[in-house]
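Peer 1: Now for the letters of each chain:
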Amino acid sequence: MKKNHFLHKHQKTLAPLLSLVLIILITASVTPGFLSIQVVDGHLFGSLVDILHRGTPTALVALGMAVVIGTRGIDLSVGAVIAISGAVTAVLTVNTDWPVWLVIMCALGVGMLCGLWNGILVSVFSIQPIVATLILMVAGRGIAQMITEGQIVTFHSEVLDAIGNGYFLAFPIRVWIAIGMIILTLVVMRKTALGLFIEAVGANVRASRLVGIEARLLVMSAYVFSGLCAALSGIILAADIRGADANNAGLWLELDAILAVVLAGASLAGGRIYLLLTIVGVLIIQTLTTAILTSGLPAQYNLVVKATIILAVLLIQSPKTRQWVSGFFLKKQKAVKGSTTP
Amino acid sequence: MINERNLPILATLLVFILLYGYGVYEYKGFRDTLVFSNLLTDNAFLIITAIGMTFVILSGGIDLSVGSMIAFVGVLMAYLISTAGIHPLFAIAIALLVGVAFGTLMGIIIAFFEIQAFIVTLAGMFLFRGLAYLINLDAVPISHPFITGLSDVYLPLPGRGGLTFIAMAMLVLLIIGILIARRTRFGMSVYALGGDSHSAALLGVPVKKTVIKIYALSGFYSAMSGVIFAIYTGSAYPLAAVGVELDAIAAVVIGGTLLTGGVGYVFGTFLGGMIQGIIQTLITFDGSLNSWWTKLAVGGLLLFFILLQKGIVMWVKKRSAA
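Residue numbers (full-length UniProt numbering), protein chains in the order written: chain A, 1 to 342; chain B, 1 to 322.
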């Protein structure tokens with residue numbers, strides 16, 4: 001009985017975790033050596049480490065997206081912000097003698113500015129988030145191209161190389177960066193009033209205003225945070241390929257990020273968000289991608305698989321489905337009861 | 001005549017005239033009818049997609065799957081014609097049916113499971129792009145006497161310009177769209193839904209049925225756009241039309257349709273699509289500007305029209321309160 005109660009209480013947490021374990025196990029049974037991890041020069045190598053490595057940019061973006069979705073919003077511009085911050089990093093590294101930390105600060109600052117722009121459109125002009133962020137999504141890649149002057153700018157910098165591909169304590173440095181960011185977000189969202197307020201605004205704007213929460217500033221800060229996360233992800237992606245590609249950097253990443261948040265059980269209608277589960281969602285998506293690649297299927301199968309999974313998850317999450325299913329079981333129960341007591 | 005409902009479309013018309021006027025004033029070549037007829041041909045697939053999108057946005061929804069649908073329909077057509085050896089006319093019919101079927105499916109999920117249109121059509125966007133990849137990974141030519149025959153249809157206009165089959169098909173679809181929006185019960189239901197879905201339901205509008213029909217219609221228009229795009233380029237490519245959904249939404253918004261739904265005109269969408277085309281043409285005529293200026297200009301116009309809409313809505317609220 002007690003176990004049952006535990007299962008019931010943690011239903012939402014268990015579903016994504018179980019799916020992740022299931023996907024890893026299935027892939028391991030199909031692809032030999034998927035689970036093996038080797039230590040070379042004190043660095044860990046293997047498919048699982050690779051998943052962590054490749055999942056970092058998505059994880060960072062998803063973190064910001066989760067906070068924005070918590071305020072009942074959405075940020076479609078993250079892909080464009082990634083392109084912009086990558087472009088800023090590359091151009092500043094090539095054209096100036098500035099120290100690396102200053103270049104990184106500039107790239108992060110530009111990302112936050114982009115977020116501020118979105119935030120102002122959403123909270124001051126009260127434009128729907130989909131549309132407000134759509135503007136930057138359309139114009140953002142144009143801005144990135146303007147910064148790089150239409151070229152793929154390649155650069156060389158030891159620090160940035162380390163961020164892209166270096167190792168620290170056996171794990172890739174970028175994974176450590178992501179972990180740091182996750183812990184920071186968790187602390188802010190769970191241990192301070194700020195996190196509570198953000199979810200309150202998402203759950204009910206009017207009620208939170210009545211208890212004295214300044215909604216505008218909170219919504220704006222959520223978008224600024226999302227911009228910061230996207231910029232960080234853009235720096236990592238640019239450092240990874242040692243270049244900035246304004247057209248392709250972070251393409252489709254917004255969709256993966258939204259998918260991860262939804263997989264984690266957050267409602268797009270705002271309110272409660274699940275940060276750690278979002279990371280699990282990212283890992284699910286990345287494992288699927290890696291699994292499809294290592295199984296030898298063309299990479300393009302990815303899209304069909306992802307689409308099918310999103311639709312399945314959405315249908316399962318829909319309150320209507322639950323109503324129908326529970327209605328169906330109730331009828332059955334009644335029928336059984338009716339037959340046993342004549 | 002000039003009330004707050006018509007203000008956005010009047011602004012659209014003004015922008016259209018100003019941009020076209022600037023082109024005519026600045027460049028000699030712009031004065032030829034060729035430029036105008038080329039605008040009709042080159043933007044036909046965008047405008048057709050945007051007409052379907054207009055209905056979706058009028059009802060307060062959004063359809064992100066249209067760009068992928070264009071690519072999918074093109075690749076499907078190429079497969080049916082080249083590999084399966086089916087006559088293009090049947091191939092087009094099959095492609096359109098598939099488009100409507102997928103649109104209906106998305107509509108059913110949105111209406112009956114009450115999931116936001118945005119996320120359902122996002123899944124559709126992945127799905128169609130993926131299906132296109134499953135059929136074919138490379139760009140393939142669509143060569144059939146019937147298709148080349150269609151691209152040879154030409155109705156000369158005074159000057160050097162002329163209407164191609166593609167332009168004529170677009171204009172016919174535009175008129176059909178205007179008639180559906182203005183002259184049918186379904187069209188009225190769409191406006192009612194976008195205005196206020198609760199009141200619409202209370203007034204006896206069949207909400208679920210209308211929602212399904214809207215996405216089926218958008219599926220039809222984007223599939224049609226895929227057919228036109230295939231005829232226009234004479235080829236099929238699974239990565240074609242990436243980002244067209246955004247251009248289509250931009251065309252609808254620049255065309256004066258309120259993003260919250262309920263207010264707007266199909267004809268405005270036509271103007272919105274043409275304005276994007278003119279911007280591109282002007283940048284090509286200038287020669288010194290790069291292509292990314294198109295994105296910036298479209299983004300800027302999008303912002304301008306959204307703020308204009310907000311301003312008008314606020315002004316109306318104030319006036320009705322006073």
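If you're looking for bench data, these hints aren't it; they were derived computationally from the structure.
Hints are supplied without guarantee of correctness; some may be wrong.
Distance windows between CB atoms, simulated [said to hold, decoys possible]:
no., chain 1, residue 1, chain 2, residue 2, range
1, B, T260, A, S326, 32 to 40 Å
2, A, A162, B, G243, 52 to 60 Å
3, B, A139, A, L217, 47 to 55 Å
4, B, L97, A, A162, 31 to 39 Å
5, B, D196, A, L35, 52 to 60 Å
6, A, G296, B, G243, 45 to 53 Å
7, A, Q151, B, L203, 55 to 63 Å
8, A, N165, B, L97, 21 to 29 Å
9, A, F125, B, V153, 42 to 50 Å
10, A, L297, B, P158, 19 to 27 Å
11, A, A312, B, L203, 29 to 37 Å
As the structure is a prediction and not an experimental result, all values here were calculated from the model.
A virtual CB, placed ideally from N, CA and C, is assigned to each residue, including glycine.
Peer 1: Against each hint, give a clear statement of whether it holds in the structure.
Peer 2: We went through each hint and held it up to the structure:
{"no.": "1", "hint": "B/T260 <-> A/S326: 32 to 40 Å", "in the structure": "34 Å, holds"}
{"no.": "2", "hint": "A/A162 <-> B/G243: 52 to 60 Å", "in the structure": "34 Å, violated"}
{"no.": "3", "hint": "B/A139 <-> A/L217: 47 to 55 Å", "in the structure": "50 Å, holds"}
{"no.": "4", "hint": "B/L97 <-> A/A162: 31 to 39 Å", "in the structure": "55 Å, violated"}
{"no.": "5", "hint": "B/D196 <-> A/L35: 52 to 60 Å", "in the structure": "55 Å, holds"}
{"no.": "6", "hint": "A/G296 <-> B/G243: 45 to 53 Å", "in the structure": "30 Å, violated"}
{"no.": "7", "hint": "A/Q151 <-> B/L203: 55 to 63 Å", "in the structure": "57 Å, holds"}
{"no.": "8", "hint": "A/N165 <-> B/L97: 21 to 29 Å", "in the structure": "49 Å, violated"}
{"no.": "9", "hint": "A/F125 <-> B/V153: 42 to 50 Å", "in the structure": "47 Å, holds"}
{"no.": "10", "hint": "A/L297 <-> B/P158: 19 to 27 Å", "in the structure": "56 Å, violated"}
{"no.": "11", "hint": "A/A312 <-> B/L203: 29 to 37 Å", "in the structure": "36 Å, holds"}
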